[in-house]
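*Asks:* Residue numbers (the working numbering), protein chains in the order written: chain A, 192 to 452; chain B, 192 to 452; chain C, 192 to 452; chain D, 192 to 452.
Because the hints were derived from the structure by calculation, they are not lab data. You may find that some hints are simply not true.
Treat identical chains as interchangeable: a pair holds within one or across any two.
[To be verified] Under the rule of at most 25 Å between Cα atoms (straight-line distance), these lysine-lysine pairs were calculated in the BS3-like manner:
(1) Lys194 <-> Lys422
(2) Lys194 <-> Lys359
(3) Lys333 <-> Lys220
(4) Lys211 <-> Lys294
(5) Lys428 <-> Lys406
(6) Lys211 <-> Lys406
(7) Lys436 <-> Lys213
(8) Lys422 <-> Lys406
Number of protein chains: 4
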Amino acid sequence: MAKGDPIRYGESVIIVDEKKGKSFYVLLKEKGELGTHKGKISHDQIVGKPEGSAIYSSTGERFFVFRPLVSDKMMKVQRKTQIVYPKDAGWLILSLDLSPGMKVIEIGTGSGAFTILLAHIVGPEGKVYTFDRREEFLENAKKNLERAGLIDRVEFQILNAGDPFPVKDVSAIFLDLPEPWRAIPPAREALLPGRPVSIIVPTAEQLKTTVSSLKENGFMIMDIVEILERKILVREKEGVRPFEKMVGFTGYLISARKVID
Amino acid sequence: MAKGDPIRYGESVIIVDEKKGKSFYVLLKEKGELGTHKGKISHDQIVGKPEGSAIYSSTGERFFVFRPLVSDKMMKVQRKTQIVYPKDAGWLILSLDLSPGMKVIEIGTGSGAFTILLAHIVGPEGKVYTFDRREEFLENAKKNLERAGLIDRVEFQILNAGDPFPVKDVSAIFLDLPEPWRAIPPAREALLPGRPVSIIVPTAEQLKTTVSSLKENGFMIMDIVEILERKILVREKEGVRPFEKMVGFTGYLISARKVID
Amino acid sequence: MAKGDPIRYGESVIIVDEKKGKSFYVLLKEKGELGTHKGKISHDQIVGKPEGSAIYSSTGERFFVFRPLVSDKMMKVQRKTQIVYPKDAGWLILSLDLSPGMKVIEIGTGSGAFTILLAHIVGPEGKVYTFDRREEFLENAKKNLERAGLIDRVEFQILNAGDPFPVKDVSAIFLDLPEPWRAIPPAREALLPGRPVSIIVPTAEQLKTTVSSLKENGFMIMDIVEILERKILVREKEGVRPFEKMVGFTGYLISARKVID
Amino acid sequence: MAKGDPIRYGESVIIVDEKKGKSFYVLLKEKGELGTHKGKISHDQIVGKPEGSAIYSSTGERFFVFRPLVSDKMMKVQRKTQIVYPKDAGWLILSLDLSPGMKVIEIGTGSGAFTILLAHIVGPEGKVYTFDRREEFLENAKKNLERAGLIDRVEFQILNAGDPFPVKDVSAIFLDLPEPWRAIPPAREALLPGRPVSIIVPTAEQLKTTVSSLKENGFMIMDIVEILERKILVREKEGVRPFEKMVGFTGYLISARKVID
Chain A
192 MAKGDPIRYG
202 ESVIIVDEKK
212 GKSFYVLLKE
222 KGELGTHKGK
232 ISHDQIVGKP
242 EGSAIYSSTG
252 ERFFVFRPLV
262 SDKMMKVQRK
272 TQIVYPKDAG
282 WLILSLDLSP
292 GMKVIEIGTG
302 SGAFTILLAH
312 IVGPEGKVYT
322 FDRREEFLEN
332 AKKNLERAGL
342 IDRVEFQILN
352 AGDPFPVKDV
362 SAIFLDLPEP
372 WRAIPPAREA
382 LLPGRPVSII
392 VPTAEQLKTT
402 VSSLKENGFM
412 IMDIVEILER
422 KILVREKEGV
432 RPFEKMVGFT
442 GYLISARKVI
452 D
Chain B
192 MAKGDPIRYG
202 ESVIIVDEKK
212 GKSFYVLLKE
222 KGELGTHKGK
232 ISHDQIVGKP
242 EGSAIYSSTG
252 ERFFVFRPLV
262 SDKMMKVQRK
272 TQIVYPKDAG
282 WLILSLDLSP
292 GMKVIEIGTG
302 SGAFTILLAH
312 IVGPEGKVYT
322 FDRREEFLEN
332 AKKNLERAGL
342 IDRVEFQILN
352 AGDPFPVKDV
362 SAIFLDLPEP
372 WRAIPPAREA
382 LLPGRPVSII
392 VPTAEQLKTT
402 VSSLKENGFM
412 IMDIVEILER
422 KILVREKEGV
432 RPFEKMVGFT
442 GYLISARKVI
452 D
Chain C
192 MAKGDPIRYG
202 ESVIIVDEKK
212 GKSFYVLLKE
222 KGELGTHKGK
232 ISHDQIVGKP
242 EGSAIYSSTG
252 ERFFVFRPLV
262 SDKMMKVQRK
272 TQIVYPKDAG
282 WLILSLDLSP
292 GMKVIEIGTG
302 SGAFTILLAH
312 IVGPEGKVYT
322 FDRREEFLEN
332 AKKNLERAGL
342 IDRVEFQILN
352 AGDPFPVKDV
362 SAIFLDLPEP
372 WRAIPPAREA
382 LLPGRPVSII
392 VPTAEQLKTT
402 VSSLKENGFM
412 IMDIVEILER
422 KILVREKEGV
432 RPFEKMVGFT
442 GYLISARKVI
452 D
Chain D
192 MAKGDPIRYG
202 ESVIIVDEKK
212 GKSFYVLLKE
222 KGELGTHKGK
232 ISHDQIVGKP
242 EGSAIYSSTG
252 ERFFVFRPLV
262 SDKMMKVQRK
272 TQIVYPKDAG
282 WLILSLDLSP
292 GMKVIEIGTG
302 SGAFTILLAH
312 IVGPEGKVYT
322 FDRREEFLEN
332 AKKNLERAGL
342 IDRVEFQILN
352 AGDPFPVKDV
362 SAIFLDLPEP
372 WRAIPPAREA
382 LLPGRPVSII
392 VPTAEQLKTT
402 VSSLKENGFM
412 IMDIVEILER
422 KILVREKEGV
432 RPFEKMVGFT
442 GYLISARKVI
452 D
């Protein structure tokens, strides 16, 4: 399934209507069929085409078929929890200094959306260790990672907040759990010196407690931010302006590095 | 220079004062010395320590030494142009669907800040082709990539807006030039079907012209956004609140995918 | 109906449920009754009480009754058009330099929400001249002003964009119409020298055309802004954070002053 | 000094250079002279002209002269403290439901910028009672109100946080002091039932404490927001885009109404 190859049965694809009003995440099967608001689309007409190809529904509407980008995979996970949104995820890739071949820890796994991104970026030679205290979240996340074609790069394990991490000498740690300060001492144990931990928290109070805990546990705060994404509308006639609605808040993001004295 | 190894002569490091008031990007040499606002720091006391270590200036002030993260490398380039900021860069990694081993085109190179990120993310098995119409920008960018230790993954070449690209079948293209619409037809030629192009433009008018050109040249618009980063101040006594100043605007970001019919 | 007096039949009041989940704008009548999602409320138990009083529904739920603030009156107009939102309206009061006794022109009237604010601020000794090209909008706005108890301060008139204004020597002019540049020359005629015109426009293109027209017609641009309002959630347990959703955009606001040479 | 009248000696005016690069707040005197970065301007050439008139400096540069708008008066106060900015002030006018003839309390006075706005909006028949614990702030604010021509509408008095207010039955109260919760019980005493109190606080912690105190003291929270103002750049050639820098934060704004049960 290299980029540029024709699409095959067994692949999951994104089917988007021409005006980008709606998109569908579909696993292609022989004689499979997708029912849309604008007619039916047979899987068979998709297979063999390169991605980006136009396909037509039974009512003659034009759609395009794409292999999912990593952001599509993230947004299309089966959700059991709030997910890390792409706008925050992009910032986190940089603050975590992710690169190919890296060993990284994530806690908690949640629905696995950010796990997908971690696995995508560290590549086949990297490894993502993801921990969650709830079995059902891990089971759901495994399915999401499997569908994303990235499960080989991920180790899943049950872990309670505060427990020591079962891996050491990792290059980056991401924390997304209700009381991140409980995971900070074991994070320090598992992280290589000088390397980054990034954390997302939902409220000002949790932010303050987390920052205090980081300082007490030998971390230097590098950055605390929130990211706002404004979608822009560009229309031939009406002109350019931001959308009327936007996502107002998803969390505070903290970046820190382990220090030693 | 693997992560976790002691720091050596010949490495570039970041030296940060304890309160993160100021940071220095320093190439370590035998008997080298850094003059700061808070006394002198000898390079020799740094070498042999792991990153993250505390070091002390001649006046007894505490600093910490780190290997540069990719965002440090980006922000510390010698600038001849406006650079792509980390807040936008993170979004672009996702919209460009970057991953290890990928072949990607950037035009224009500018100061090479985003080139550094591209090279970092595609890894040693990927390749970044970066083009600029100005020789002096390429020369400066080469030095920045060299210092970042990433020059082996990058091909530099002079190219005027509108010229065909000398590489084909790339998986992603990033455009950051004054008239991006002139580079859209050659971008289409060079890009694999279904794959993404991302573009940054500074004004509403350029945004509109670029979007029209994308549509006319067989691209489907996926997203148009601007990213705002608010820095948050967390202080023990005074409490939590956003900073009084912020960067108000750096550009509109467009993401599109090549389609065929 | 002075502030502090008991509420009387014939007044319009706002009835808000204790958790501020929902509010009702009600004209009080003898034996009147309000049906809510949490039981019925008789008008009779409201009359005679001071505003701010607790009242109880048939199911024992607690509500509070208030006289409408000017922002309540604005938000509760019968809408036939997009209205000017309080966040923008506040900025406009300042940019228009409104004060008691002032004569001010508004074009177009729309649903009359901003007309209500103008009339509220200029007071009983001021006068608002509001023009719209559509009879049906004026009729609807009149009803809204009547309900708001402010109709005595307002003159309504049909006017097409580009027509000369039937009043002169006004102290401020507000323009909210599709092609505001058509109203700029007559606005100049009607406005006292040095005094402000403020304009709301929805797109970047309209903004540019309007600004050019202002400059050509002897106005000095003072300010061009957009106003973002983020609602903040404060909860005892969960803590402080911005709301997850927000209004992303309502318009660009321009402020200019008439100059002479 | 009615609007439209020629400018006279003894008036304070705003002199703005043509490109709005800089503005000067000047008290006009016979034979007075203003030194600018672009030559000298004699007061005598200003007097007798209507506001909005062009005037020329000794080097032939064009300036315009205006009577100060209320926002000019606010921004040009002699500052001894942080002031309430126009973006927040506009929101507060609405949340405080200000109108001509109203009696309103402000605590603390600070530099008097918002006091100016309050006095401007309540008009000659209204009254502003402003309290501060520091004599020197009151003295400075008096000068600022005097220059703004609004001192007749304002009563100044020293008051410590927590002291009962010396006026009762006011229609609105604005609190801007370090520990606003200390002023909430006396605010309740002084405010008419159902009427609004608005408060500005700088941090999330103060916001939380203030909101709790409001609830405990019989206020219903109506709104908690922060206001962001983005300045927009419109240039003929380069096009439309937001400014590169913006004010990131000035405070959280709370609006509540007094309730009784």
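*Asks:* Work down the list of hints and note, for each, if the structure agrees.
*Replies:* Against the structure, the hints:
no., hint, in the structure
1, Lys194 <-> Lys422, "neither (29 Å within a copy, 38 Å between copies)"
2, Lys194 <-> Lys359, "between (35 Å within a copy, 13 Å between copies)"
3, Lys333 <-> Lys220, "within (22 Å within a copy, 48 Å between copies)"
4, Lys211 <-> Lys294, "neither (37 Å within a copy, 27 Å between copies)"
5, Lys428 <-> Lys406, "between (53 Å within a copy, 15 Å between copies)"
6, Lys211 <-> Lys406, "between (46 Å within a copy, 13 Å between copies)"
7, Lys436 <-> Lys213, "both (18 Å within a copy, 21 Å between copies)"
8, Lys422 <-> Lys406, "between (36 Å within a copy, 18 Å between copies)"
Going through the hint list in order, the structure does not satisfy hints 1, 4.
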